[in-house]
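All chains, please: the whole structure from these sequences, using the hints.
Position one of the sequence shown corresponds to residue 1 (my numbering), numbered consecutively onward.
Treat the hints with caution; some may be incorrect.
Calculated lysine to any residue pairs in the SDA-like style (CA-CA distance at most 25 Å, straight line) [unchecked claim]:
#1 Lys4 / Ile19
#2 Lys4 / Leu23
#3 Lys4 / Glu21
#4 Lys4 / Trp14
#5 Lys13 / Leu23
#6 Lys13 / Arg3
#7 Lys4 / Arg16
#8 Lys4 / Gly39
#9 Lys13 / Val38
#10 Lys13 / Ser25
#11 Lys13 / Met24
#12 Lys4 / Cys18
#13 Lys4 / Phe20
#14 Lys13 / Met1
#15 Lys4 / Met15
#16 Lys13 / Asp35
#17 Lys13 / Gly39
Computed beta-carbon distance windows for the label pairs [as the list claims (entries may be wrong)]:
#18 Gly6 / Val38: 21 to 31 Å
#19 Thr33 / Lys4: 26 to 36 Å
#20 Met2 / Ser22: 12 to 22 Å
To be clear, the hints were calculated from the coordinates, so they are not data collected in a lab.
Glycine included, each C-beta is placed from N, C-alpha and C at the ideal position.
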Amino acid sequence: MMRKLGFAEGWLKWMRVCIFESLMSILVNGSPTEDFIVGR
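This is how it looks when you write it as structure tokens:
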């Protein structure tokens with residue numbers, strides 16, 4: 001989708017690294033969960 005919007009390949013790779021190779025935590029009832037690896 002982002003290619004169709006005109007984003008360059010280098011930008012798309014950078015975004016993938018930031019999103020899919022990082023740890024995340026979410027709030028459940030106001031309390032953070034354990035960190036987890038983001039994936040599909």
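Right, here's what the structure says about each hint:
This hinted pair checks out: lysine 4 and isoleucine 19 have alpha carbons roughly 20 Å apart, not beyond 25 Å. The hinted pair formed by lysine 4 and leucine 23 fails the criterion: a straight-line CA distance of about 28 Å is larger than 25 Å. Simply put, lysine 4 and glutamate 21 have alpha-carbon atoms about 24 Å apart, close enough for the 25 Å limit, and the pair holds. Between lysine 4 and tryptophan 14 the CA atoms are separated by roughly 17 Å; this keeps the pair inside 25 Å, and the hint holds.
A hinted pair counts as satisfied when its Cα atoms are at most 25 Å apart, and lysine 13 with leucine 23 qualifies at roughly 17 Å. For a cut-off of 25 Å, the pair hint linking lysine 13 to arginine 3 stands: about 11 Å separates their Cα positions. A hinted pair counts as satisfied when its Cα atoms are at most 25 Å apart, and lysine 4 with arginine 16 qualifies at roughly 16 Å. With a CA separation close to 23 Å, the supplied pair lysine 4 and glycine 39 stays within the 25 Å bound.
Between the alpha carbons of lysine 13 and valine 38 the distance comes to roughly 16 Å, so the proposed pair stays at or under 25 Å and holds. A threshold of 25 Å between alpha carbons decides the hint, and for lysine 13 with serine 25 the separation of about 23 Å falls inside it, so the pair holds. About 19 Å separates the Cα atoms of lysine 13 and methionine 24, which keeps this hinted pair within 25 Å; it holds. Proximity of lysine 4 to cysteine 18 is assessed by CA-CA distance (about 21 Å); at most 25 Å being required, the pair is judged to hold.
At roughly 21 Å between alpha-carbon atoms, lysine 4 and phenylalanine 20 fall within 25 Å of each other, so this suggested pair holds. At most 25 Å may separate the alpha-carbon atoms for a hinted pair to count; lysine 13 and methionine 1 meet this at roughly 14 Å. Of the pairs offered as hints, the one joining lysine 4 and methionine 15 holds, with about 16 Å between alpha carbons and a cut-off of 25 Å not exceeded. Using a Cα cut-off of 25 Å, the hinted pair lysine 13 and aspartate 35 holds, with the two alpha carbons roughly 23 Å apart.
For the suggested pair lysine 13 and glycine 39, the alpha carbons sit about 15 Å apart, so the restraint of at most 25 Å is met. The hinted window of 21 to 31 Å between glycine 6 and valine 38 holds, with their beta carbons roughly 25 Å apart. Between threonine 33 and lysine 4 the CB atoms are about 34 Å apart, so this pair conforms to the stated range of 26 to 36 Å. Taking 12 to 22 Å as the suggested C-beta distance range, the pair methionine 2 and serine 22 conforms, at roughly 18 Å.
Checked against the numbered hints listed earlier, the structure breaks hint 2 alone; every other hint is satisfied.
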